[in-house]
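*Asks:* From just these sequences and the hints, can you work out the full model?
What follows is each chain in one-letter form.
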Amino acid sequence: MIWLYIAALLTGVFASLGVGGGMILIIYLTMFAGEDQLSAQGINLLFFIPIAVLSVIIHTKNRFIEWGKIIPAIITGIIGAIAGTFLAEYLGSVVIRKIFAGFILLFGIRELFYKEKESATSAENCSSCKQDSSQE
Amino acid sequence: MFNIKKLYIYCLGVVTGIANGLFGSGGGIIAVPMLQKTGISVKKSHAASIAVTLPLSVVSAVFYSMKGTFQWKDAVVLIPFGLIGAVIGGFLIKKISNKMLRRIFGIILILAGGRMLLK
Numbered sequence: 001m002i003w004l005y006i007a008a009l010l011t012g013v014f015a016s017l018g019v020g021g022g023m024i025l026i027i028y029l030t031m032f033a034g035e036d037q038l039s040a041q042g043i044n045l046l047f048f049i050p051i052a053v054l055s056v057i058i059h060t061k062n063r064f065i066e067w068g069k070i071i072p073a074i075i076t077g078i079i080g081a082i083a084g085t086f087l088a089e090y091l092g093s094v095v096i097r098k099i100f101a102g103f104i105l106l107f108g109i110r111e112l113f114y115k116e117k118e119s120a121t122s123a124e125n126c127s128s129c130k131q132d133s134s135q136e
Numbered sequence: 001m002f003n004i005k006k007l008y009i010y011c012l013g014v015v016t017g018i019a020n021g022l023f024g025s026g027g028g029i030i031a032v033p034m035l036q037k038t039g040i041s042v043k044k045s046h047a048a049s050i051a052v053t054l055p056l057s058v059v060s061a062v063f064y065s066m067k068g069t070f071q072w073k074d075a076v077v078l079i080p081f082g083l084i085g086a087v088i089g090g091f092l093i094k095k096i097s098n099k100m101l102r103r104i105f106g107i108i109l110i111l112a113g114g115r116m117l118l119k
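As you go down the protein sequences, you meet chains A and B in turn. 1 is the number of the first residue of the first sequence in our numbering; add one for each residue after it. 1 is the number of the first residue of the second sequence in our numbering; add one for each residue after it.
For the record, the hints were derived by calculation from the structure and aren't laboratory data. All figures in this text were calculated on a predicted structure; none of them were measured in a lab. Each hint should be verified, as a subset may be incorrect.
[What the hints assert, rightly or not] Below are the DSS-like pairs computed for lysine-lysine, each with C-alpha atoms no more than 25 Å apart in a straight line:
#1 A:K69 - B:K5
#2 B:K67 - A:K115
#3 A:K98 - B:K67
#4 A:K115 - B:K95
#5 B:K119 - A:K98
#6 A:K69 - B:K37
#7 B:K99 - B:K37
#8 A:K115 - B:K43
#9 B:K95 - A:K61
*Replies:* Below, the structure written as structure tokens:
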């Protein structure tokens, strides 16, 4: 049981750092806690909500979220999310597990070979900061 | 009126939503790079991706719950630990190298993904 709490803690850490933490919890739940893939995904969805609420409050206070830009994405996203949940149900846990495995494998490779372009990133940040501030 | 930028935002939403509903996670992974392409800065893209995936997760969680795929209590007991983790993450972000973090995370995903595919 203690490992489950550690997995939840790590998920929170990775999630807050913006590196797709939810996957950690799903991996733990399916590999070590004997949860079915879809059940683990449902647990992760519910688990993510309060963490996201906290983050969104902080980011909105810091004026990091440009709501005007993302509202259209939220509207179509909700339609996508409903389609996704029905597709998940239709395909079933076994198939979803294999697709999920392929998805995290590809993402893992991308993360492993991720190149930090220190100067380029800071330059990019700077230019986008200017861009952002000009838009505000 | 036809507007490519607007169409792109709509597509971003759909793709993120499908991933969120299908995998119960991973919406942010898709949303962050797509948001950056619209001219939003790196930091703001991370913030915006959480703002987008939050309502999507609520919708997906409701549908998962309606189908009885999971028990609420299994998730609720983990939430305090997740929140503590998020606070720790907030401190760590200034101290740990982003590159190192991505490497560790990448290795975990490759090992888990490989095992899941084979088993």
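*Asks:* Would you mind marking each hint as holding or not holding in the structure?
*Replies:* Going through the hints against the structure:
no.	hint	in the structure
1	A:K69 - B:K5	10 Å, holds
2	B:K67 - A:K115	41 Å, violated
3	A:K98 - B:K67	21 Å, holds
4	A:K115 - B:K95	19 Å, holds
5	B:K119 - A:K98	9 Å, holds
6	A:K69 - B:K37	13 Å, holds
7	B:K99 - B:K37	21 Å, holds
8	A:K115 - B:K43	17 Å, holds
9	B:K95 - A:K61	23 Å, holds
Of the numbered hints given earlier, the model fails hint 2 alone.
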